[in-house]
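Enquirer: Chain residues, written in single-letter form:
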Amino acid sequence: MSPLAKLVEAALFASARPVTVEELVTLDPQAGTAAVRAALVELRDAFATGDHGVELIEIAQGWQFLTRREYAEAIDRAQFALRPRRLSPAALETLAIIAYRQPVGRLEVDEIRGVDSGAVIEKLSERGLVEIVTRGEGLGRPLLYGTTPQFLEILGLKDLDELPRLEELSVALRPPAPAEPE
Amino acid sequence: MTALPPTAQDQAGFVVELEQFSGPLDLLLHLIQEDEVDITDLPIAKIADQFLAVINELRLNQAADYLEMAARLLRIKAQMLLPRRLGDDEWEDPRAELVRRLLEYQQIRELVEWLGAAAARRAEQFGRGFSPEPPTAPPAPLVIDLNDLLAAAERVIALIPEPVLHRVVPRPLDVEGATARIEALLAERAALGWGDVVGERPTIVDVLSAFIALLELAKRGALRVHQEGPFAPIQIRRESPRETR
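Which chain is which? The protein sequence lines are Z and Y, in order.
Just so you know, the first sequence maps onto residues 314 to 495 in my numbering.
Just so you know, the second sequence maps onto residues 37 to 281 in my numbering.
Simulated from the structure, these hints should not be mistaken for laboratory data.
In this text, all values refer to a predicted model and were calculated from it rather than measured experimentally.
A couple of the hints might just be wrong.
[Claimed, not checked] Far from chain Y, some chain Z residues (derived; all Cβ distances over 12 Å):
| # | residue |
| --- | --- |
| 1 | P316 |
| 2 | V334 |
| 3 | T339 |
| 4 | Q343 |
| 5 | A344 |
| 6 | T346 |
| 7 | A351 |
| 8 | E355 |
| 9 | Q374 |
| 10 | E383 |
| 11 | E424 |
| 12 | R426 |
| 13 | E444 |
| 14 | L457 |
| 15 | G459 |
[To be verified] Some but not every residue of chain Z turned toward chain Y, in silico, with C-beta under 7 Å:
| # | residue |
| --- | --- |
| 16 | T380 |
| 17 | A391 |
| 18 | A394 |
| 19 | E406 |
We treat Cβ as the ideally placed atom computed from N, Cα and C, and that holds for glycine.
With the hints as extra help, turn the sequences into a complete structure.
Expert: Here you go:
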């Protein structure tokens, strides 16, 4: 492995969170973005082809070592690590709406779900899955929410583009309304 | 889509678990799927009746969100019954908005499936030093001795303000009684002083009752109240019936 790949490996090992390419570039000012990307691919291939219990995954706009799926059961059973709490249907509904309509206000979420979603949004916000990104234009300048990198992380997504496209879903529906004053 | 297996059969024919519905749209969608009807051509009367039956059954009829949907369904049902002229192109299907919302919600449910599956798949892999959320630890047991406890108790007690207690005694004003007494006095004497009206050692209630009675009688023209100046003694004089107009 190249020296840069080994440096990147060390940095990723030291971090408990996904690390972005931009962050990795700061490890070695001499190396550019392209070199770091190459090192990441080299590293990923090394762990993919070699005999390892972990693999390098691109996730949440960054990179992270994760244990291989086949060991989940054993690790879980022995309680070396805890699985994250599962999200309730209400939480997933709210997340789905926020993910696709962001930035979106609570009223719109309420309207689509047909129920008051204030408490659910509050909880998602506490878990760091959504955050206030801006304020809307309308009456009272409502808070508008969007998803966080943590959201991508718990779903194992690289970025929001990995979410299924609405037209791929079986239910045909109008596209999200273009931003118009209501 | 989470299939909601009926747990038991009741007279209405459907038993569903309340906890499983995340809202009125969810319940509605469940009914539609159970009936296997076309969502774009909703048999609104049937669905509305079922919806009402379920929310009654589940005592959801207290929940505003469900009530609002019930009201909406009934309104659409009524609108569907309105006669419309033949060849009326202007006619707008009253179900359109509801169908749009249902389709939209159905799509969200599909996304929920997808997101749930993605999260479950991600949960099969662990990161370094992964800790999901700090578990809500029980508060650490206090390590104190008796002196600490007493000192703490004293500090708390010191903060309590001296309680101000009021005794509330029901003593309604007796305007009628005062009126009767004044009238009796005036029957004997043409003129009275304030002291005659309130009697000896009047209580605040006596004073108030007498005063209101005086004003009332003066308004009725039964007597005339006169005072030389501010704080001067109040003089009360009988008004003869002839003089009242």
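Enquirer: Hint by hint, note whether the structure agrees.
Expert: Structure-based check of all given hints:
no. : hint : in the structure
1   : P316 : holds, 22 Å
2   : V334 : holds, 18 Å
3   : T339 : holds, 19 Å
4   : Q343 : holds, 27 Å
5   : A344 : holds, 23 Å
6   : T346 : holds, 24 Å
7   : A351 : holds, 23 Å
8   : E355 : holds, 20 Å
9   : Q374 : holds, 15 Å
10  : E383 : violated, 9 Å
11  : E424 : violated, 8 Å
12  : R426 : violated, 5 Å
13  : E444 : holds, 16 Å
14  : L457 : holds, 18 Å
15  : G459 : holds, 16 Å
16  : T380 : holds, 5 Å
17  : A391 : violated, 12 Å
18  : A394 : holds, 4 Å
19  : E406 : holds, 5 Å
When the structure is compared with the earlier hints, violations turn up for hints 10, 11, 12, 17 and for no others.
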